[in-house]
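Undergrad: Here the protein sequences come in this chain order: H and F.
Heads up: the first sequence begins at 1 in this note's numbering, then just goes up one per residue.
Heads up: the second sequence begins at 1 in this note's numbering, then just goes up one per residue.
Hint data in this document are derived by calculation from the structure and do not stem from the laboratory.
Possibly wrong hints are sitting among the right ones.
Claimed, not checked - Here are the simulated DSS-like cross-link-like pairs (lysine-lysine), alpha carbons at most 30 Å apart as the crow flies:
#	chain 1	residue 1	chain 2	residue 2
1	F	Lys131	F	Lys424
2	F	Lys318	F	Lys343
3	F	Lys27	F	Lys72
4	H	Lys73	F	Lys414
5	F	Lys414	F	Lys72
6	H	Lys73	F	Lys389
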Amino acid sequence: MRPWPVINPAFWFVLPALGLIVLFFFVPVLAALVLSFSDFDIYALGDQSRLRWIGLDNYLRLLHDPLFWQALKNTLYFAIVGGPLSVTVSLGAALLLNHRTLPCKALWRSAMFLPVVTTLVAVAVVWRYLYHPRYGFLNYALAWFGIDPIDWLGDPAWAMPAIILMAVWKNFGFNMVIFIAGLQNIPQRLYEAATLDGAGTWQQFRHITLPMLAPTFVFVAVVTMIGYFQLFAEPYVMTQGGPADSTLSMALLMYQEGFRWWNLGYSASVAFVLFVIILAGTLLQLWLRERTSRP
Amino acid sequence: MIVGLAKAIGLLLLLVRLGGCDSEEVKPVVIDFWAMGREGESVQALLPEFERRYPGVQVDVQQIPWSAAHEKLLTAYAGDALPDIFQLGNTWIPEFVALNAVDDLTERFATHMPADDFFPGVLETNRLDGKLYGVPWYVDTRLIFYRTDLLQAAGYEQPPRAWHDWWAAMERIKANLGANRYAILAPFNEWQMPVILALQLGSPLLRDGSRYGDFRGEAFRRAFSLYVGLFRKGWAPVMGEMQVGNLYQEFCRGLFAFYLSGPWNIGEFSRRLPDEMIGRWATAPMPAPDDHYPGASLAGGASLVIARTAANKEAAWKLIQFLAEPARQAEFYGLTGDLPPRKAAWEAEVLATNAHARAFRTQLERVIPLPRIPEWERIADKIAHYAEKTIRGEFREEEALANLDRDVDLILEKRRWLLAKEEK
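Use the sequences and the hints to build the structure in full.
TA: Printed below as a string of structure tokens:
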């Protein structure tokens, strides 16, 4: 008699988690994919016979939808400008906070982490006041330098920069903490050796800090990019996608199509396009990392 | 420990059974009632009287915030969990009729309620294909809120009655106020103003049985042009609702003289404006394009409907009848400031003596329902969208209207398919 094949006991430990992921993640994702080939809407919700299977029509319609292109453009704008800016600010803050001579490190660290844990809605209310064209502090400060007031959230050209500024301020603390952890992992002796060899601060940063931080960097870059491509809450509470669609993001478009207008089929197709874009972006970053790290 | 747990469960079961015995004796009929926002809160004050009149009936009110109402109702429909009776904004009625989620009330209404006591335009919004699906609970329309002192300064003792007066007044007011103040506030995220102007000119908005958009039609084109002109001439600030910030503060500061708004702002203006503003603002019905004053406005508001799946339709109808009594409606106005849809209720003292509400009484005689199709809100959103883009100079007027027609025809594609299918 042959014995039962031995299953790695680890499998049983993973099984509950795996089950939950399949049930609450893969099944809905699959359902959404199926949905994206239909015109599921309010009529179909009432009577299944009003549902049409339309193949790739939703995707073709997307290509001809000016709102989709606008949303894609805005999302790219936000991710390409906001992402690196956010990472740079995080790194800068981490370097400052990690400096030997800084007193009360824990206090500074908590203070700069505060925006991350503050509710976005409360933050948005405060920032809306800061951005107010007539009574806002930002324009008041600009006036000191003789700069004319800017209608931050009302001018299509300025609304996205305003959202980026707020998002960077709100989010940089999270990456900052990860960078600090990364910085603290760099052995002090490397810097000591470099100092003995006569390397300056910039050279030390360029040849020790950056290469040693590379794994942290990739993690932060990928997570930030994924997060920034999913831009939703900031424009949702600040501008509702306006003015003139200048802050309409892919996720916001998806939400509006799906839950405001109940075009779930069309909305699902937006979701999958966004998914493919994020996947491609992530693969690209990993590939770049692979290539640059090769000796 | 396990023994202890078993004991506890046993005890619990016993309690439940005891409770069960108790409730069997009384067994009241429970009506589930969902109402939105402040209405959901205020209506509870009316219910003790209802429960006193019908001892066996108990009303269970659930208050739902407006922002989540639409989603909550649709989810409840999908999950077969709709309450017996619920409040429905009347632009949502066509959607719930399309879902076959609400009961036909035509017969009950005809036997129990005086149809001619309701404002006809408002009642009409509850009717689809000749069947009545909701009973108006409170009404909403748009008219002019204005600063009497700013009008006087421009030489006007009375609010304008015709368009040409209105436009002339705005020109004088703008000239009076100077660069950073405006004759009218028309936040361009609101579709109401261009739509009201178009309805006044007789635009059907949609054509061929609401199968296609009619935005390039003569009437809408003219209304759109007039509306956009307000911004081009600098009479209205290029602002959405968000940029205005605090509307009441700005009204008080005199940023603008005219503002198109609804009944809820009578209460808000009275509450939020400082005392020195008393007597310096008033309401007036819409001016007309011709000499048939008042000009038409929108028939809006909210209705009460009974779910098709309701267990206690008889009791639910009793509750609707109760809430539609003129005395209850006047009381409800006192609690919420919501204007009653029945003319009899307007004779109550609280309403008859409110000067700001009186303009609404006049206006309500001339209100027009919007297209009654589930897609309307989406279409309205598109109108505001293209109006904003035109005001910002992204489109010329003809271009914007052509795009609007194209988008609306696309939105109505499913409706055309369904209608064609039904005809077969």
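Undergrad: Which of the stated hints cannot be reconciled with the structure, identified by number in ascending sequence?
TA: none
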